[in-house]
Amino acid sequence: MTTEAVRLEAVRKEYRGVVALDGVSISFPRGGFTAVMGPSGSGKSTFLHCAAGLDRPTSGRVVLDGRDLDGKNETYLTKLRRDRVGFVFQAFNLLPALTVEQNVVLPLQLAGRRPDKRLVARILAHVGLDGRRKHLPGQLSGGQQQRVAIARALVTDPAVLFADEPTGALDTRTAAEVLGLLRDSVRSSGQTVIMVTHDPVAASYADDVVFLADGRIAGRLARPTAEAVAERMTHLGAWDRVAA
Amino acid sequence: MFKLALRTLRLRKGGFLATFVAVFFGALVVSACGGLMETGIRSETPVQRLAAAPIVVGGQQTLELPKEDPATLEPDDKHKLENSTLPERVRLDAALAARLRAVPGVANVVGEVSFPAQIGAASVLGHAWDSAVLTPYALTGQAPKPGEVVVDSGLGLAVGDTLPVAAHGSVGQYRISGIAEAPQAVRDPALFFAAPDAGRLSGHPGRFDTIGVFGGDVAAVTAAVGDAGVVATGGGRGAFEFPETGKGGENLIVLAAVSGGLSAMVMVFVVAGTLTLSTQQRQRELALLRAVGTTPRQLRRMVLGEALVVGLLAVGAAVALGPVLGQWLFDQLAGHHVVPDVLRFEQGWVPAVVAAGASLLAVVGASFVAGRRASRIRPTEALAEAAVERRWLTPIRLITAILCFAGGTALAIVTVAVMTGPVAASTAGPAVMLWAFGLAAISPGVTKLTATLLSWPVHALTGVNGRVALRNTRVGAVRAAGAVTPIMLAVGIATANIYLQTTQEAVSNQAYTEDLRADAVVGAAVGLDPSVPARVRALPEVASASEYVTSTVFVEKPFDSGQDDDGRSALGVSELSGNAVEVPSTLGHHVGDTLSLRLGDGTPVDVRVTAVVDQRPGFEKLVLPAGLLAPHTTLGLAPQLLVRAAPGVDSATLASRLREATAGLPVFVGDRGTLIAAHAKGNEVGAWVNYLLVGMIIAYTVISVVNTLVTATARRRREFGVQRLSGFTRGQVLRMAGVEGGLIATIAVLLGTLVAAGAIVPFCLVVTGSLLPSGPVAIYLAVLAIAVVLSLVAILVPAWAATRGRAVDATSIGE
Numbered sequence: 001m002t003t004e005a006v007r008l009e010a011v012r013k014e015y016r017g018v019v020a021l022d023g024v025s026i027s028f029p030r031g032g033f034t035a036v037m038g039p040s041g042s043g044k045s046t047f048l049h050c051a052a053g054l055d056r057p058t059s060g061r062v063v064l065d066g067r068d069l070d071g072k073n074e075t076y077l078t079k080l081r082r083d084r085v086g087f088v089f090q091a092f093n094l095l096p097a098l099t100v101e102q103n104v105v106l107p108l109q110l111a112g113r114r115p116d117k118r119l120v121a122r123i124l125a126h127v128g129l130d131g132r133r134k135h136l137p138g139q140l141s142g143g144q145q146q147r148v149a150i151a152r153a154l155v156t157d158p159a160v161l162f163a164d165e166p167t168g169a170l171d172t173r174t175a176a177e178v179l180g181l182l183r184d185s186v187r188s189s190g191q192t193v194i195m196v197t198h199d200p201v202a203a204s205y206a207d208d209v210v211f212l213a214d215g216r217i218a219g220r221l222a223r224p225t226a227e228a229v230a231e232r233m234t235h236l237g238a239w240d241r242v243a244a
Numbered sequence: 001m002f003k004l005a006l007r008t009l010r011l012r013k014g015g016f017l018a019t020f021v022a023v024f025f026g027a028l029v030v031s032a033c034g035g036l037m038e039t040g041i042r043s044e045t046p047v048q049r050l051a052a053a054p055i056v057v058g059g060q061q062t063l064e065l066p067k068e069d070p071a072t073l074e075p076d077d078k079h080k081l082e083n084s085t086l087p088e089r090v091r092l093d094a095a096l097a098a099r100l101r102a103v104p105g106v107a108n109v110v111g112e113v114s115f116p117a118q119i120g121a122a123s124v125l126g127h128a129w130d131s132a133v134l135t136p137y138a139l140t141g142q143a144p145k146p147g148e149v150v151v152d153s154g155l156g157l158a159v160g161d162t163l164p165v166a167a168h169g170s171v172g173q174y175r176i177s178g179i180a181e182a183p184q185a186v187r188d189p190a191l192f193f194a195a196p197d198a199g200r201l202s203g204h205p206g207r208f209d210t211i212g213v214f215g216g217d218v219a220a221v222t223a224a225v226g227d228a229g230v231v232a233t234g235g236g237r238g239a240f241e242f243p244e245t246g247k248g249g250e251n252l253i254v255l256a257a258v259s260g261g262l263s264a265m266v267m268v269f270v271v272a273g274t275l276t277l278s279t280q281q282r283q284r285e286l287a288l289l290r291a292v293g294t295t296p297r298q299l300r301r302m303v304l305g306e307a308l309v310v311g312l313l314a315v316g317a318a319v320a321l322g323p324v325l326g327q328w329l330f331d332q333l334a335g336h337h338v339v340p341d342v343l344r345f346e347q348g349w350v351p352a353v354v355a356a357g358a359s360l361l362a363v364v365g366a367s368f369v370a371g372r373r374a375s376r377i378r379p380t381e382a383l384a385e386a387a388v389e390r391r392w393l394t395p396i397r398l399i400t401a402i403l404c405f406a407g408g409t410a411l412a413i414v415t416v417a418v419m420t421g422p423v424a425a426s427t428a429g430p431a432v433m434l435w436a437f438g439l440a441a442i443s444p445g446v447t448k449l450t451a452t453l454l455s456w457p458v459h460a461l462t463g464v465n466g467r468v469a470l471r472n473t474r475v476g477a478v479r480a481a482g483a484v485t486p487i488m489l490a491v492g493i494a495t496a497n498i499y500l501q502t503t504q505e506a507v508s509n510q511a512y513t514e515d516l517r518a519d520a521v522v523g524a525a526v527g528l529d530p531s532v533p534a535r536v537r538a539l540p541e542v543a544s545a546s547e548y549v550t551s552t553v554f555v556e557k558p559f560d561s562g563q564d565d566d567g568r569s570a571l572g573v574s575e576l577s578g579n580a581v582e583v584p585s586t587l588g589h590h591v592g593d594t595l596s597l598r599l600g601d602g603t604p605v606d607v608r609v610t611a612v613v614d615q616r617p618g619f620e621k622l623v624l625p626a627g628l629l630a631p632h633t634t635l636g637l638a639p640q641l642l643v644r645a646a647p648g649v650d651s652a653t654l655a656s657r658l659r660e661a662t663a664g665l666p667v668f669v670g671d672r673g674t675l676i677a678a679h680a681k682g683n684e685v686g687a688w689v690n691y692l693l694v695g696m697i698i699a700y701t702v703i704s705v706v707n708t709l710v711t712a713t714a715r716r717r718r719e720f721g722v723q724r725l726s727g728f729t730r731g732q733v734l735r736m737a738g739v740e741g742g743l744i745a746t747i748a749v750l751l752g753t754l755v756a757a758g759a760i761v762p763f764c765l766v767v768t769g770s771l772l773p774s775g776p777v778a779i780y781l782a783v784l785a786i787a788v789v790l791s792l793v794a795i796l797v798p799a800w801a802a803t804r805g806r807a808v809d810a811t812s813i814g815e
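Protein chains in written order, with the working numbering: chain A, 1 to 244; chain B, 1 to 815.
Chain A with its partners taken away, still in its complex shape:
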């Protein structure tokens, strides 16, 4: 068991001639809450896809939970995602046909494992939704849906929880609740969380911020405050020449 949750080595990703990631090398330690920040088009989402095994880099290596993803087939990657990774997306996280409870245990059922009822109850209580077990996603608010998504992401006790703009569609109060949940799981259970965001306030909940600009790492900031993050953002990449 290594101390790194995820490591990228010289990862490069090109789409039809456009370079989304240009030789990114970085590692993320276990038990940390890291925010990946950058303006639109910086390659944040591509970064997350490659790190999580959702997409294959054009060149370079990704090591996730101590496993090298290079050359592995789709089924291997899928099973790795299912058992060792959790996802929270900005929207459309839940299957509308399943209840809250069924959505949460989905990764376990896909693996053919019987869900531990007490574990599920504990997780639902942790996100504050144990009264809404049998409801369908259509009956929940946006914030509640995100909390169910977090519960599902945590149910397999993953090595890494990837969040892609989890608060992008939420109002400030609900966003604060969701971010608080994420930080809580890092503090209390040692969960590793990597969150992609463009919101400096969200980034301030993290222990560490990595800045991306034009497909490259453009800096790091430890123990971020919202103002410091916002200030750094205005000097990223080509903006640096403009702002100065």
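Just so you know, the hints here were simulated from the structure itself, not pulled from any lab data.
Note that the structure is a prediction, hence the values are computed from the model and not measured.
Please note that the accuracy of each hint is not assured.
Claimed, not checked - Result set (BS3-like, lysine-lysine): computed pairs, CA atoms no more than 30 Å apart in a straight line:
1. A:Lys-134 <-> B:Lys-247
2. B:Lys-621 <-> B:Lys-67
3. A:Lys-134 <-> B:Lys-3
4. B:Lys-621 <-> B:Lys-80
5. B:Lys-247 <-> B:Lys-80
6. B:Lys-67 <-> B:Lys-78
7. B:Lys-78 <-> B:Lys-557
8. A:Lys-79 <-> B:Lys-3
9. B:Lys-78 <-> B:Lys-13
10. B:Lys-67 <-> B:Lys-557
11. A:Lys-79 <-> A:Lys-134
12. B:Lys-3 <-> A:Lys-117
Start from chain A and add chain B according to the hints.
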């Protein structure tokens, strides 16, 4: 995975409605065809007139012919035989009846004859009075003495009247001595004569059509009959009363197999389309599943599970209703004399099982196609906003298309290079399917290409609406192809089948007319009296007159490799006599050769070749003396006399002179036109079958097109909303949808015409030498019109519904 499939179904019932409808109608047609096939296989004919006799003996109508040349076989080799059905009635000797009376336990033996008779215009069957017990008929009045007749109660005649009855070539006056009534329905009204009269009028005294046996043990009777005939009891007796059901049953089997098979294949296409559409609808859900950890295989299984559940429900409903459609189809076919109406329609559980199995197999096959597409959805698509279409060209599609086009081309080459005559039609059916399959496999690409080719006319005719419509069709080629493919199939199959039929008819009629040397015809339903040819030839207005007898013969020696179980067409004419035969050059015989034949009733005869003739390809026949052929037909007499006018005599004069010469005889006199019209009528039966088949396929594809377009258009609510927000009015959006509908129809019609051409052009080149088929253009135009109207309605109605409400609501993220 299965539970997930079930839950998805419960939630998205509407999305699966299209698949349900498609499977339901397809399985319904397949199930009905299964019933028709069972009916044909059983060939159950309820016995009517012979109902009272528990055991019936009839002639052996089956002929065994060798399938391989016996000369090429080793002594130890098994001789493979095939069974042919003799087309003429095989009769039984009176001596057999005597033998059966001697069998212990037999109470009564009654021989029976039936011969065609006419009272005025009414057609009836004549019998000997002693065979009335076979039904049994109840008599009011007296049994007939010679010169008297007992009539069927259904004829509405009275005792004591004198009746002119035409039978065996002449008319006789008979006094009605009694009325007979049957306890059950009998198809043909009966006339009963005294035994000597019946024997004379039947044309074959001393021989029976069937023999009814009362009392006695079946085994003992069968042993006594031996090789002289066939014994039947119970339901099997109907086949003796109505021998035409043997062939009719076979025709039904072929018809049902072709229709059912075609429907099943079309169903695979259509269901693959609806399943793919429903997968596209749920692209984001499926991408989410992939992201969260569903392997591609699990996703395929889910799609399969959903398809099976929907399929099972639809198939269950369809096989329950299958017999209803089957009965209706059978009634239509029997009403148009395509199949004998005395057959009993039977649809048991076997066709239900077969139809269910075939339909479910089609559903499984279709779900493989949809499942592969689904499993290739990348998880990152869960996060993408725009629903961009994936690359549609997979290796399987490409290989399928190449193989199908290669096959279609090969068939075309074979047809043009090798085939002559009407047999060229046999490659047309498979050719249509191959071209259609091939085009359907690459339909998105072809749709895109055709849309691009049409862009100049569309730009010229419509404005900005047309531009957007074109763009939508080219970018959304997979979705557009989902509507184009069924219409293309329907247009292609319908056009090919109908024009093949009309061309075949035209060729057959033209061949007949060109070969027809006669100027007039003298014919009789009850046969021509043997004195008629002499009477006609005696007229100065007549240059020549020849009897015209048609039948089938079977060549036994030397081995005829080109002969199938239908034997060889035979024609009896007056110009030949004795045991001469004229053969077509394609048989490879020489003048002076001897052929051993079996005539239509199985009688063996040796004939000598007196001439080898180049006959029209596809219409070859063996020409025999009428005097040899006619006595061995069911009728026993020549039914027609073809007359050639002497030079300078016009047809009206000829006709009136012929009528004078045959006055008092039950004949009709017709001219060339009558003959040609009668020939054309005979082709109509086959045409009707074709139209039924085509009608069913079209009905099914109409349903699936509506299905697909309605679902696809409803899905585009958001897209239409975006269009309206960018400045299009609702009317403009609808006009754009209309142009799309028109585009889809045009592309489908063009492709469908190509498909049909792939089958029709080789055929026409062979039989008529021209590229185009013969037949009314109106049919093609009607097919086009239906395609256009269908596409427009199926796209405009849902578009109208999808553009209701505010554009902003339609574009909101919350789906």
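Verification of the hints:
1. With a C-alpha separation of about 65 Å, the suggested pairing of Lys-134 (chain A) with Lys-247 (chain B) is violated against the 30 Å cut-off.
2. At roughly 21 Å between alpha-carbon atoms, Lys-621 (chain B) and Lys-67 (chain B) fall within 30 Å of each other, so this suggested pair holds.
3. In summary, the hint linking Lys-134 (chain A) to Lys-3 (chain B) is supported, as the alpha carbons are separated by about 16 Å, within the 30 Å threshold.
4. With a C-alpha separation of about 26 Å, the suggested pairing of Lys-621 (chain B) with Lys-80 (chain B) holds against the 30 Å cut-off.
5. With a CA separation close to 22 Å, the supplied pair Lys-247 (chain B) and Lys-80 (chain B) stays within the 30 Å bound.
6. For the proposed pair Lys-67 (chain B) and Lys-78 (chain B), the alpha carbon gap of about 11 Å is at most 30 Å, so the pair holds.
7. For the hint linking Lys-78 (chain B) to Lys-557 (chain B), the alpha-carbon distance of about 18 Å falls within 30 Å, and the restraint holds.
8. Annotation: proposed proximity of Lys-79 (chain A) to Lys-3 (chain B) holds, straight-line Cα distance about 20 Å (limit 30 Å).
9. Simply put, Lys-78 (chain B) and Lys-13 (chain B) have alpha-carbon atoms about 61 Å apart, too far for the 30 Å limit, and the pair is violated.
10. Only pairs whose Cα atoms come within 30 Å are accepted, and Lys-67 (chain B) paired with Lys-557 (chain B) is accepted, the gap being roughly 12 Å.
11. Of the pairs offered as hints, the one joining Lys-79 (chain A) and Lys-134 (chain A) holds, with about 27 Å between alpha carbons and a cut-off of 30 Å not exceeded.
12. Taking the CA atoms of Lys-3 (chain B) and Lys-117 (chain A), the gap is near 19 Å; set against the 30 Å cutoff, the hint holds.
In this structure, the hints that do not hold are numbers 1, 9, in rising order.
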